[in-house]
Amino acid sequence: MALTTKGNLGPGRTEQSAFDAVHSAKRKDLWFAAGGLFVLAIAMSLLFTLIGDLIIRGTQYIDYDFMTSYPSRLPERAGILSAWVGSLLVMLVTAFLAVPVGIAAGLYLEEYARKGWFSDFIEINVSNLAGVPSIIYGLLALGMFVYGMGLGQTILVAGMTLALLILPIVIVSTREAVRSIPQIVKEGAYGIGADQWQVMWNYIIPAARPGIMTGAIVGLSRAIGETAPLITIGALTFIAFLPSPPVTGEFPFISFAWLHDGFTVLPIQMFNWVSRPQPEFHIAAAATGVVLIALTFSLNGIAIWIRYRLRKQHRN
Amino acid sequence: MDTDMKVERTAHRRIVPESDMPPPIKPSPEHETLRARLEDFSFYYSNGFQAIKHVDMPILDRKVTAIIGPSGCGKSTLLRSINRMHDLYPGNRYEGRIILEPEGENLIGKGADPVIVRLRVGMVFQKPNPFPKSIYENVAAGLRVRGVKDRHVIDEAVETALRRAAVWDETKDKLKGSASDLSGGQQQRLCIARALAPNPEILLLDEPTSALDPIATAKIEDLIQELSDSVTIVIVTHNMQQAARISHRTAFMYIGELIEFGDTNQIFTNPRHPRTESYITGRYG
Numbered sequence: 074m075a076l077t078t079k080g081n082l083g084p085g086r087t088e089q090s091a092f093d094a095v096h097s098a099k100r101k102d103l104w105f106a107a108g109g110l111f112v113l114a115i116a117m118s119l120l121f122t123l124i125g126d127l128i129i130r131g132t133q134y135i136d137y138d139f140m141t142s143y144p145s146r147l148p149e150r151a152g153i154l155s156a157w158v159g160s161l162l163v164m165l166v167t168a169f170l171a172v173p174v175g176i177a178a179g180l181y182l183e184e185y186a187r188k189g190w191f192s193d194f195i196e197i198n199v200s201n202l203a204g205v206p207s208i209i210y211g212l213l214a215l216g217m218f219v220y221g222m223g224l225g226q227t228i229l230v231a232g233m234t235l236a237l238l239i240l241p242i243v244i245v246s247t248r249e250a251v252r253s254i255p256q257i258v259k260e261g262a263y264g265i266g267a268d269q270w271q272v273m274w275n276y277i278i279p280a281a282r283p284g285i286m287t288g289a290i291v292g293l294s295r296a297i298g299e300t301a302p303l304i305t306i307g308a309l310t311f312i313a314f315l316p317s318p319p320v321t322g323e324f325p326f327i328s329f330a331w332l333h334d335g336f337t338v339l340p341i342q343m344f345n346w347v348s349r350p351q352p353e354f355h356i357a358a359a360a361t362g363v364v365l366i367a368l369t370f371s372l373n374g375i376a377i378w379i380r381y382r383l384r385k386q387h388r389n
Numbered sequence: 002m003d004t005d006m007k008v009e010r011t012a013h014r015r016i017v018p019e020s021d022m023p024p025p026i027k028p029s030p031e032h033e034t035l036r037a038r039l040e041d042f043s044f045y046y047s048n049g050f051q052a053i054k055h056v057d058m059p060i061l062d063r064k065v066t067a068i069i070g071p072s073g074c075g076k077s078t079l080l081r082s083i084n085r086m087h088d089l090y091p092g093n094r095y096e097g098r099i100i101l102e103p104e105g106e107n108l109i110g111k112g113a114d115p116v117i118v119r120l121r122v123g124m125v126f127q128k129p130n131p132f133p134k135s136i137y138e139n140v141a142a143g144l145r146v147r148g149v150k151d152r153h154v155i156d157e158a159v160e161t162a163l164r165r166a167a168v169w170d171e172t173k174d175k176l177k178g179s180a181s182d183l184s185g186g187q188q189q190r191l192c193i194a195r196a197l198a199p200n201p202e203i204l205l206l207d208e209p210t211s212a213l214d215p216i217a218t219a220k221i222e223d224l225i226q227e228l229s230d231s232v233t234i235v236i237v238t239h240n241m242q243q244a245a246r247i248s249h250r251t252a253f254m255y256i257g258e259l260i261e262f263g264d265t266n267q268i269f270t271n272p273r274h275p276r277t278e279s280y281i282t283g284r285y286g
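Keeping their order, the protein sequence lines are chains R and A.
This note's numbering puts the first residue of the first sequence at 74, with every later residue one more than the last.
This note's numbering puts the first residue of the second sequence at 2, with every later residue one more than the last.
If you're looking for bench data, these hints aren't it; they were derived computationally from the structure.
We put the beta carbon where it would ideally sit given N, CA and C, even for glycine.
Worth double-checking, as some hints may not be accurate.
The calculated label-pair distances, taken between Cβ atoms and stated as ranges, are [what the hints assert, rightly or not]:
hint: 1; chain 1: R; residue 1: L161; chain 2: A; residue 2: T161; range: 53 to 59 Å
hint: 2; chain 1: A; residue 1: Y46; chain 2: R; residue 2: R382; range: 39 to 45 Å
hint: 3; chain 1: A; residue 1: G185; chain 2: R; residue 2: N201; range: 43 to 49 Å
hint: 4; chain 1: R; residue 1: N198; chain 2: A; residue 2: A212; range: 51 to 57 Å
hint: 5; chain 1: A; residue 1: I256; chain 2: R; residue 2: G85; range: 44 to 50 Å
hint: 6; chain 1: R; residue 1: M217; chain 2: A; residue 2: S181; range: 44 to 50 Å
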């Protein structure tokens, strides 16, 4: 028998039409993959051009003085100290409020709430809230926190506003993470005689932790870049002082007075500088953008790292 | 508890002195104690489908009871009722009684807490499902749930359970290692050890070998036979040879009904019901 060395396999005893169908499907594979690659290349090059431009313009401007100076009307003296401290403190409040409440709500909805029209109604609304424009949250906060509760335009209110904004994200990702746990694991846990609380605490939360943490951090990295709701509640755009320090010299050494101080955040500072006519301020804005992007990326990096670590740990 | 039920229960509990006991491995019903019984038991899924229809069945103490029948006959549904697994999903409904002896408590009665039922009735699932923890923690899980804190007590219980489940020799040097690194057969024996550790009154096995190769299956079958000296076992199996090899009593189910229940030898050599006969001779299923 002669050995065929040609690479192409003939149809053999397969119907010619089946053979042709596979070939035409393969052509579609190729076209689809090529189209996808093309679109991906455009998107990536746009993104890298934007970020690259920002970095090239901004990076040289970032130095110790820039990080430790207050904004100034002279571009060469202007810095972002009050902005990054403000961003940090607002994020702290947001995380403290949104993460525990969001996780608890997600766990409750997924594990405890009785399934019915009411839980469906809540589920639809939570998912919809995740898509509500952020400025709407700003209006809500302005009406409720600033005027209604008389809390003023403070770090606390900013944290509360952003917490409301990312709460749906945390809730939805917690529910997704809990839902992705195989039923067989839950049944195994109930099978050893565990109560619902024990199952949730000892089996569901550890298994869902990577997903829950990822959701929380993705939520925070969205909050850190939000500008509109904070402008709406009346964040200041020019601040030449720091909030009162959280640690004090006298008893009880911890102070929460900073919660009630005015503030600005990185994106607002950036927005402010972009709208100035002097080109030097535009470079300062680019530099602020670089700091903001670095913060966002490192938050996302932490999320990826946690997910990787916990997944590995959980398997063992 | 009404009186006629009490009378009925004592009637089942005829205990004959050891000396009068004949030597056979599978003794006849007169010499056996009752561990549980199903009385007029029915089960409805949340969509209204009645998966079990009026089943009456005894479960003998320290014997292996096999439930066989074609796919969809309700055998797994019946088994999962005995530790109230169906309660995890809303809308499911039990009817009738599942009575645990000798206390005479109804597992599905009003106010019977499914969590307490599962503390008393252990279960092993079709697919090995060890927790993503160490081997030691898997076996200790049942004790931890029950609030056992003493390390020595747990150490001892873990070793005993692993020995009883015939998986001690393979795991004793890596108790802190991950359970997911074990082979499928070892994982299933680990799951049996996990269920045995808190000393359940009844051990339910839901097709425990269907995901395993023949060698691992043989090991588990040996293990079940050894365990039957000390624990009451109810096993659901697709494999009729397996039921014939390891069980003392066999229940044959068909479309939610218990068609025939009896001594395993009798069911497989001299079935009384024509349906049972055609099933065990391979005419359907």
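Would you list, in rising numerical order, the hints stated earlier that this structure does not obey?
-> 4
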